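The listed protein sequences correspond, in order, to chains S and U.
Taking full-length UniProt numbering, the leading residue of the first sequence gets 1, the next gets one more, and so forth.
Taking full-length UniProt numbering, the leading residue of the second sequence gets 1, the next gets one more, and so forth.
These are computed hints drawn from the structure, not numbers from a lab.
These numbers come from a predicted model, not from an experiment.
Just so you know, not all the hints are guaranteed correct.
Each pair may be met inside one copy or between any two copies, as identical chains are not told apart.
Derived DSBU-like pairs (lysine-lysine); straight-line CA-CA distance at most 35 Å [said to hold, decoys possible]:
| hint | residue 1 | residue 2 |
| --- | --- | --- |
| 1 | Lys132 | Lys67 |
| 2 | Lys55 | Lys207 |
| 3 | Lys55 | Lys67 |
| 4 | Lys80 | Lys185 |
| 5 | Lys185 | Lys202 |
2 protein chains.
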Amino acid sequence: MLRSCAARLRTLGALRGPPGGRRLPGSEPRPALRSFSSEEVILRDYSVPNPSWNKDLRLLFDQFMKKCEDGSWKRLPSYKRIPAEKIQNFKTHLLDPKLMKEEQMSQTQLFTRSFDDGLGFEYVMFYSDVEKRMVCLFQGGPYLEGPPGFVHGGAIATMIDTTVGMCALMAGGVVMTANLNINYKRPIPLCSAVTINSQLDKVEGRKFFVSCNVQSVDEKTLYSEATNAEVEANLGFVSGSSWLQIPNFQHQDSLPLRDDQHRSA
Amino acid sequence: MLRSCAARLRTLGALRGPPGGRRLPGSEPRPALRSFSSEEVILRDYSVPNPSWNKDLRLLFDQFMKKCEDGSWKRLPSYKRIPAEKIQNFKTHLLDPKLMKEEQMSQTQLFTRSFDDGLGFEYVMFYSDVEKRMVCLFQGGPYLEGPPGFVHGGAIATMIDTTVGMCALMAGGVVMTANLNINYKRPIPLCSAVTINSQLDKVEGRKFFVSCNVQSVDEKTLYSEATNAEVEANLGFVSGSSWLQIPNFQHQDSLPLRDDQHRSA
Numbered sequence: 001m002l003r004s005c006a007a008r009l010r011t012l013g014a015l016r017g018p019p020g021g022r023r024l025p026g027s028e029p030r031p032a033l034r035s036f037s038s039e040e041v042i043l044r045d046y047s048v049p050n051p052s053w054n055k056d057l058r059l060l061f062d063q064f065m066k067k068c069e070d071g072s073w074k075r076l077p078s079y080k081r082i083p084a085e086k087i088q089n090f091k092t093h094l095l096d097p098k099l100m101k102e103e104q105m106s107q108t109q110l111f112t113r114s115f116d117d118g119l120g121f122e123y124v125m126f127y128s129d130v131e132k133r134m135v136c137l138f139q140g141g142p143y144l145e146g147p148p149g150f151v152h153g154g155a156i157a158t159m160i161d162t163t164v165g166m167c168a169l170m171a172g173g174v175v176m177t178a179n180l181n182i183n184y185k186r187p188i189p190l191c192s193a194v195t196i197n198s199q200l201d202k203v204e205g206r207k208f209f210v211s212c213n214v215q216s217v218d219e220k221t222l223y224s225e226a227t228n229a230e231v232e233a234n235l236g237f238v239s240g241s242s243w244l245q246i247p248n249f250q251h252q253d254s255l256p257l258r259d260d261q262h263r264s265a
Numbered sequence: 001m002l003r004s005c006a007a008r009l010r011t012l013g014a015l016r017g018p019p020g021g022r023r024l025p026g027s028e029p030r031p032a033l034r035s036f037s038s039e040e041v042i043l044r045d046y047s048v049p050n051p052s053w054n055k056d057l058r059l060l061f062d063q064f065m066k067k068c069e070d071g072s073w074k075r076l077p078s079y080k081r082i083p084a085e086k087i088q089n090f091k092t093h094l095l096d097p098k099l100m101k102e103e104q105m106s107q108t109q110l111f112t113r114s115f116d117d118g119l120g121f122e123y124v125m126f127y128s129d130v131e132k133r134m135v136c137l138f139q140g141g142p143y144l145e146g147p148p149g150f151v152h153g154g155a156i157a158t159m160i161d162t163t164v165g166m167c168a169l170m171a172g173g174v175v176m177t178a179n180l181n182i183n184y185k186r187p188i189p190l191c192s193a194v195t196i197n198s199q200l201d202k203v204e205g206r207k208f209f210v211s212c213n214v215q216s217v218d219e220k221t222l223y224s225e226a227t228n229a230e231v232e233a234n235l236g237f238v239s240g241s242s243w244l245q246i247p248n249f250q251h252q253d254s255l256p257l258r259d260d261q262h263r264s265a
């Protein structure tokens, strides 16, 4: 699905660096301000520590930043929105103006970045290209509640979906989640840090199979796991889209899209 | 999981009616105010139309309200939070005070009710006890974006999880989602209305198997489906909990909890 197009743009945009200079990945961001320009909102990298991060999350972050020093791992920046000019073509082609008013189109935000600091999804992802592993460090805030005091099963599914999707995207370019199969073992306490570990298991043509588990920081508790999450490369949306460049776009073969992969009219 | 305990409490609380009178289910609620008492926040029923609901969603709502007239269907009210006194025991038993500060505990909100009107999850559920069917009418707002212009796969998983969980809860009381297996067929446009249809297929001991599909309003487009979502009755959390009453608590037999169903210490 195009979820990962958007994620890719947000990430690529970050790697080129925002105008006006760039913060070092490990450094503290500007304090969250209640009023700021839309430019700052778009360009703020959310995958760095903020005051809401608990001790465990910060510790894990530091450990992974250390792994980045020799280049074997890299931290993925993360943004709330794609700059308007980059997606204008895309939205014009795909959006139905009868559904979304102009005002709503300008309000859209990445779901996982739609909460104020500390209230929703606090996370950062690290990727190892050699191992084809994506690790997401995640802390779920009080607005993600399901059972009293615990993270909603749908919020867990959201982070698993995001992690496996990014894992496949890094390996294969534009992707779409076709299947998610999640086993919930134990509830995750709100405001606790967990690691979401995903691994690319195999590639069959345009299909990428990724497994994933969600563990406590000390690795003693398995909270959830996703087996054989299937993510598919989606060629149909790329061809004809002039704004999208995927440097590492790799497919073992080119297959025509199935009928059910075309967006319904 | 206890997600459904919380949902049940929120629903039962509603059926008894809030103090100070009760709005008719089909009537327009008070306009959303930016400043209001916490009592009003807790007691506001979110499963009634508000100005953000599009034409399709309102039409579907009216159709289902009509089905409720003979009692064969009922609308489920939905709240942002459980009143503090009802969950105090629960939270004291289960929450780790090292993880959540007092301030954070008072900030918790049901994930699917954590956005301002029109920005996130707009939905209402209707249940048929005779058919054991739960239908959720859902409209995803601009803060649920995944691919530009479309609903995030995790937001879809959230609504599927919520719907199948409520379906099983109505049939069997306190439940926990054990497995979710979702096939994503087509992306759902932001701000469009869809129906999430779930059906209780079978009960095996404490396991409830529910199937579910997500369709367009005209039923011509299948967006996603969940096959054999497994929801389990969780007796361990009920015994010893004095605050919880489940009027229709039914189990075909009583089995001891497996080790992996106990919350890890």
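Verification of the hints:
no., hint, in the structure
1, Lys132 to Lys67, "within (15 Å within a copy, 52 Å between copies)"
2, Lys55 to Lys207, "neither (38 Å within a copy, 38 Å between copies)"
3, Lys55 to Lys67, "within (19 Å within a copy, 52 Å between copies)"
4, Lys80 to Lys185, "both (31 Å within a copy, 26 Å between copies)"
5, Lys185 to Lys202, "both (25 Å within a copy, 21 Å between copies)"
The structure does not agree with numbered hint 2 stated previously, though it agrees with all others.
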